[in-house]
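One-letter residues, chain by chain:
Protein chains: 4
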Amino acid sequence: MFKRYLLAPGPTPVPPEVLLSMAMPIIHHRSPDFLPVLDSAKKGLQWLFQTKNDVLILASTGTGGMVGSVNNFFNAGDKVLVVNGGKFGERWTKICQAYGLKDIEGLGKVIRNYPDTLFIVDAISALVAQDIRTDEWGIDILVGGSQKGLMLPPGLAFVSVSEKAWKKNETSKMPKFYFNFKKERENLAKNQTNFTSAVTLIIGLNEAIKLLQKEGLENVFKRHARLADATRGAVRALGLGLYSKESPSNSVTAIEMPAGIDGQEVYKTLREKYGITGAGGQDRAKGKIYRLAHLGYADTFDVITGIAALEMTLKGMGANIELGKGVAKAQELLMK
Amino acid sequence: MFKRYLLAPGPTPVPPEVLLSMAMPIIHHRSPDFLPVLDSAKKGLQWLFQTKNDVLILASTGTGGMVGSVNNFFNAGDKVLVVNGGKFGERWTKICQAYGLKDIEGLGKVIRNYPDTLFIVDAISALVAQDIRTDEWGIDILVGGSQKGLMLPPGLAFVSVSEKAWKKNETSKMPKFYFNFKKERENLAKNQTNFTSAVTLIIGLNEAIKLLQKEGLENVFKRHARLADATRGAVRALGLGLYSKESPSNSVTAIEMPAGIDGQEVYKTLREKYGITGAGGQDRAKGKIYRLAHLGYADTFDVITGIAALEMTLKGMGANIELGKGVAKAQELLMK
Amino acid sequence: MFKRYLLAPGPTPVPPEVLLSMAMPIIHHRSPDFLPVLDSAKKGLQWLFQTKNDVLILASTGTGGMVGSVNNFFNAGDKVLVVNGGKFGERWTKICQAYGLKDIEGLGKVIRNYPDTLFIVDAISALVAQDIRTDEWGIDILVGGSQKGLMLPPGLAFVSVSEKAWKKNETSKMPKFYFNFKKERENLAKNQTNFTSAVTLIIGLNEAIKLLQKEGLENVFKRHARLADATRGAVRALGLGLYSKESPSNSVTAIEMPAGIDGQEVYKTLREKYGITGAGGQDRAKGKIYRLAHLGYADTFDVITGIAALEMTLKGMGANIELGKGVAKAQELLMK
Amino acid sequence: MFKRYLLAPGPTPVPPEVLLSMAMPIIHHRSPDFLPVLDSAKKGLQWLFQTKNDVLILASTGTGGMVGSVNNFFNAGDKVLVVNGGKFGERWTKICQAYGLKDIEGLGKVIRNYPDTLFIVDAISALVAQDIRTDEWGIDILVGGSQKGLMLPPGLAFVSVSEKAWKKNETSKMPKFYFNFKKERENLAKNQTNFTSAVTLIIGLNEAIKLLQKEGLENVFKRHARLADATRGAVRALGLGLYSKESPSNSVTAIEMPAGIDGQEVYKTLREKYGITGAGGQDRAKGKIYRLAHLGYADTFDVITGIAALEMTLKGMGANIELGKGVAKAQELLMK
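These protein sequences, in sequence, are chains P, A, V and X.
Counting in the numbering used here, the first sequence runs from 2 upward without gaps.
Counting in the numbering used here, the second sequence runs from 2 upward without gaps.
Counting in the numbering used here, the third sequence runs from 2 upward without gaps.
Counting in the numbering used here, the fourth sequence runs from 2 upward without gaps.
Heads up, a few of these hints could be off.
One copy or two, it doesn't matter: identical chains are merged, so the pair holds either way.
What the hints assert, rightly or not - Calculated lysine-lysine pairs in the DSS-like style (CA-CA distance at most 25 angstroms, straight line): (1) Lys184 / Lys316; (2) Lys246 / Lys168; (3) Lys53 / Lys183; (4) Lys215 / Lys274; (5) Lys326 / Lys337; (6) Lys223 / Lys274; (7) Lys174 / Lys80; (8) Lys191 / Lys289; (9) Lys269 / Lys337; (10) Lys168 / Lys326; (11) Lys274 / Lys174; (12) Lys80 / Lys177; (13) Lys43 / Lys289; (14) Lys223 / Lys289; (15) Lys191 / Lys43; (16) Lys316 / Lys211; (17) Lys316 / Lys223; (18) Lys215 / Lys4; (19) Lys337 / Lys274; (20) Lys316 / Lys326; (21) Lys168 / Lys211; (22) Lys80 / Lys289; (23) Lys184 / Lys287.
It should be emphasised that the hints constitute simulated quantities derived from the structure, not laboratory data.
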């Protein structure tokens, strides 16, 4: 009876309502049964993305949504400005390179007023945790995935596409077949997808959106901010550093490990001794950090559990940690 | 996304493996499909009860097992010695009264050597949490229920019956029909129950026993002792009293509320503000205590969650509580 | 991939909606979560029973409801008139005998106007399949169970009790504890049950009633009549006899086996070769009949499947059966 | 209580064991929990594909596997021989066109001995229903999907790749990112996938393969042959034509509609009046045929149900159909 807790930044835990909605007998994606399902998913995503744009639903991971965005709106030789925000920012760069786009690494937003320039945002990790106002902010392409804040298993990508982007799509000559957004758009208008719909995941999507709508979008963002804030407060109270000092994410907290403590060992001990699956660092952060997510189906005692387990693990590994100190800070912040 | 935690002494949380095993298409209790299911349940219960006696499986709550024990082994006018161990000890007394048995309230065990005397133990709350050695200790009747340590929904009672008790059954003239143990025994030998079997619950029972067997009976008891010990340690560290001072249960910890704090309000706040459903006190303990269970499908972070939430609740109600102090003690004890 | 079909008169197949509703995390029967659940079950049962009377919900099989009805409304020595309608009618007789009631076997309805006489109906098998108007017909006690027309697993009994019956309950001196209807009534008024509620089954009950309400009570009865009629038509078309000639049930069709064909072998072959679990005959009908149910979660192609499989089985056993003939008649009747 | 039956050639019904295996709490694809899951899936697919080659597992529909096969083994300008076997053969052609490959439509197998030539088979619809011996027949690329014979929801593609194909992969310069088979192969060796694994579908895949292995591969093919044979026999007995005269599929039977009967109306009536979702014809066959699948989780009474419903529908629409005639033929063939 060794209980397991998933506190990683994706896949995140799936609520039982969503898991069970996907255990109903399957329905056919080209039958009238499915039309209201897709119609509801379409509208639910527009609500979540805060947009009137079409939100395409693709049977792929979030990366597929990113690949498709490159395939459908560019031509070889186009210049691309990538704001590199961590691991997945790097992936954008690699995708662009794979399809022959010239990269200019840098910082800053792609400006709205340039008629030929698209503002593309990878919201795979931030969606649901962060208030992203697609239309208000003039985001042309917003890419999301199922297995993060949306509390679903992996297997769906979502891409919202502005009218400005659809214009640019007309001139894109890159070869494309699986990620053909124009055909997806035509199908979406008929409450279909271009290829076989990932029926069960879309049914789960509706259930997940229903849960988010019941809570209210503003409350969803507040909850994530509250959990992230408590986690960061607890980390600081323990004398540990935050890896992302200036604009830490509300999805996941990257915690710097004390000197002499290997983050990979922390990951392993938390899993094997305490049943907690968080995440270690990647690439150059490997071994230096440990990441606790507070994303999607997460609440007060997920934070308490994560912090308490981290305290026990670090103390057990010989770090100078006072048990309960981080928890106390989290409790104080979560009581508000 | 307000998460709920069930930390009450029954029903207790049901593991997903068990919940899903009961969601398979139903099978017929008089068909060959069901014979191996009941056979497995029968043997699994003997393992859990540590007995070679028959363990009857009744479609009722645990109370039905108690009622049946009175109906099947006594006659009106018989003298009964009841060791009153709390709420359910009182229920025994009431059952005996209802069926016209003369009560002698007192303390102490019914001695094994008296040929006409049966040693009956109500293990509804203790089963799984406590090492109860039916055969070794000479227990004639042991009564258990599904919704406590066995991690199942309510609806099944279990009664192990010794040969000595079966002898006494022959002379019992009390009217009985639904709880006719002799007929249950005859049916059990054929891997059936006397009336329609509660098929899905028995399938869930097999799954629950499989989980306990994988853990090992000794480890199951150790886990419960460890969780109970950590809970009691945390309670003391917070300066709160334990309601049962001398032999506290490994199933549930009854915590005395500080002066001026109403246990019913604590119950209510824990539920409404923190999503924790523990239990208040009953009868004369009402309002004076709050009960946190660590029973069945329970592990380290259920204790942490329960204690952290209790700290936050009591502090929020104005009690003199230092946040994290109980948690720290629980962490220390649970790290061992 | 040998598919199984349950066409027995109880347990009957449970719809996936109901199975999955019972796979959600369990809730506590004494917590505010459960009050609306029981309230809804209470009202749903009144709708189904066509009554304003209380309908008690007991954690037992249907037989428990029958036993309780005897325990709560009679005294030893009372005279009882039993209309023996098959196997379960016999069970009433045995229950009455067990509790010392004098039996008078006979036929006819207990008349409404006798002030001291209760009209008790065992509707365990008929409920949902047959229009039973509790209040209109002046039924004092109506007993139902979960695993028949209600499409639930076994483990719940339902008993509706009229005001006239509650009067009689005041004078009943039979010992009772588990089936204490007065206490159940007091608890029901508070949306509780006297002992631990069979929480998951009651949640499933609400889901099952929701399905029936969506269909509409009249349509439910019509559907059962239509399926029963098609089954009987098919049986006659095959030249087989109906065991119950005058008032065959809409729940199940008992089919007389051709000369030289053993009904028990038919049962066995249908199960092992075709995956169909119907029911054989009981007691003196054993071997002479085979029973196909069309009860609860049943529709057109359950009848077709049952008849087609029976044809194949009988022909395979050497009976003079023309394949497809019964099916054709069923199709004709079901097309209407 | 209007029951629904899915008799379409994909998605096909998902067995309850598989549905429920996917309803367990999700696990992390980069954690040790997932390694044995992917390892088991990998080996299970090799068993099913009858190959020692790697079988890649992609988070996409089957079409993604086809697109990836084009992306990873060819260069623009390559000549491609497509054997056009229906709708999906046409899709191959379109994919090749989209990526700039020159098409030569024709018939016949691509010969094994040509060192530069790959033998690619689209087995999306045939897998499980048909004996496809990858290694024995020298198939270089075999593409399958989850939602057909494998009895899973849509969302996974499978591609087995021979050593000869891997050689060719080294010279392929087509841009690729999401479907990068070389990277998938490197990850597969570590029991991972290149991008986030579709965890729940892969867990379901293991459960589905377990069911197929329990039945035995030869028995699986025999079952499909038996069901297809009975369906075709029934169709002929009804005087209807088979659309594919020479080598009809064991996955699905395309039935020519009688003169004056619109196949689309047949589809609609079967769905709305009888709850059967089969499939109409596509493109030039639209309106002329109706398709009944017998694929994956299918057995004797799925055929009976499909044929009986078709008879009732056609007769109801005025066709010259004798009820029960097709069923009788199917029964006769299925009794063997």
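- [ ] Pop the pair Lys53 and Lys183 into one bin, within, between, both or neither, using alpha-carbon distances up to 25 angstroms.
- [x] within (17 angstroms within a copy, 39 angstroms between copies)
Open item on the list: Reference check for the pair Lys174 and Lys80, CA-CA at most 25 angstroms: within, between, both, or neither?
Closed with: Classified as both: same-chain Cα gap 15 angstroms, cross-chain 22 angstroms, threshold 25 angstroms.
TODO: Please work out whether the CA atoms of Lys274 and Lys174 approach to 25 angstroms or closer within one copy, between two copies, in both situations, or in neither?
DONE: For Lys274 and Lys174, the Cα distance exceeds 25 angstroms both inside one copy (53 angstroms) and across copies (47 angstroms).
Open item on the list: Treating 25 angstroms as the Cα threshold, decide for Lys215 and Lys274: within, between, both or neither.
Closed with: Between. Shortest inter-copy distance 17 angstroms satisfies the 25 angstroms Cα cut-off; intra-copy 36 angstroms does not.
Open item on the list: Within a copy, between copies, both or neither: which one fits Lys43 and Lys289 at a CA-CA cutoff of 25 angstroms?
Closed with: Close neither inside one copy (41 angstroms) nor across copies (33 angstroms); limit 25 angstroms.
Open item on the list: My question is about Lys191 and Lys289: at a cut-off of 25 angstroms on alpha-carbon distance, are they close within one copy, between copies, both, or neither?
Closed with: between (50 angstroms within a copy, 24 angstroms between copies)
Task: 25 angstroms Cα threshold - placement of Lys326 relative to Lys168 - done: Neither, since 55 angstroms and 58 angstroms both go past 25 angstroms.
Task: Intra- versus inter-copy proximity for Lys289 and Lys223 (alpha-carbon distance at most 25 angstroms) - done: neither (29 angstroms within a copy, 36 angstroms between copies)
Task: Intra/inter-copy verdict for Lys168 and Lys211 if alpha-carbon distance must be at most 25 angstroms - done: Neither. Shortest intra-copy (33 angstroms) and inter-copy (49 angstroms) distances fail the 25 angstroms Cα cut-off.
- [ ] First find the shortest C-alpha distance between Lys316 and Lys211 inside one copy, then the shortest across copies, and answer within, between, both or neither for a cut-off of 25 angstroms.
- [x] Intra 41 angstroms, inter 34 angstroms, cutoff 25 angstroms: neither.
Task: Status of Lys223 relative to Lys316 across identical chains (alpha carbons, at most 25 angstroms) - done: The answer is between: 23 angstroms across copies meets 25 angstroms, while 32 angstroms in one copy does not.
TODO: Up to 25 angstroms between alpha-carbons, please classify Lys80 paired with Lys177: within, between, both or neither.
DONE: both (19 angstroms within a copy, 19 angstroms between copies)
The structure fails to meet hints 1, 2, 10, 11, 13, 14, 16, 21, 22 from the earlier list, while all remaining hints are met.
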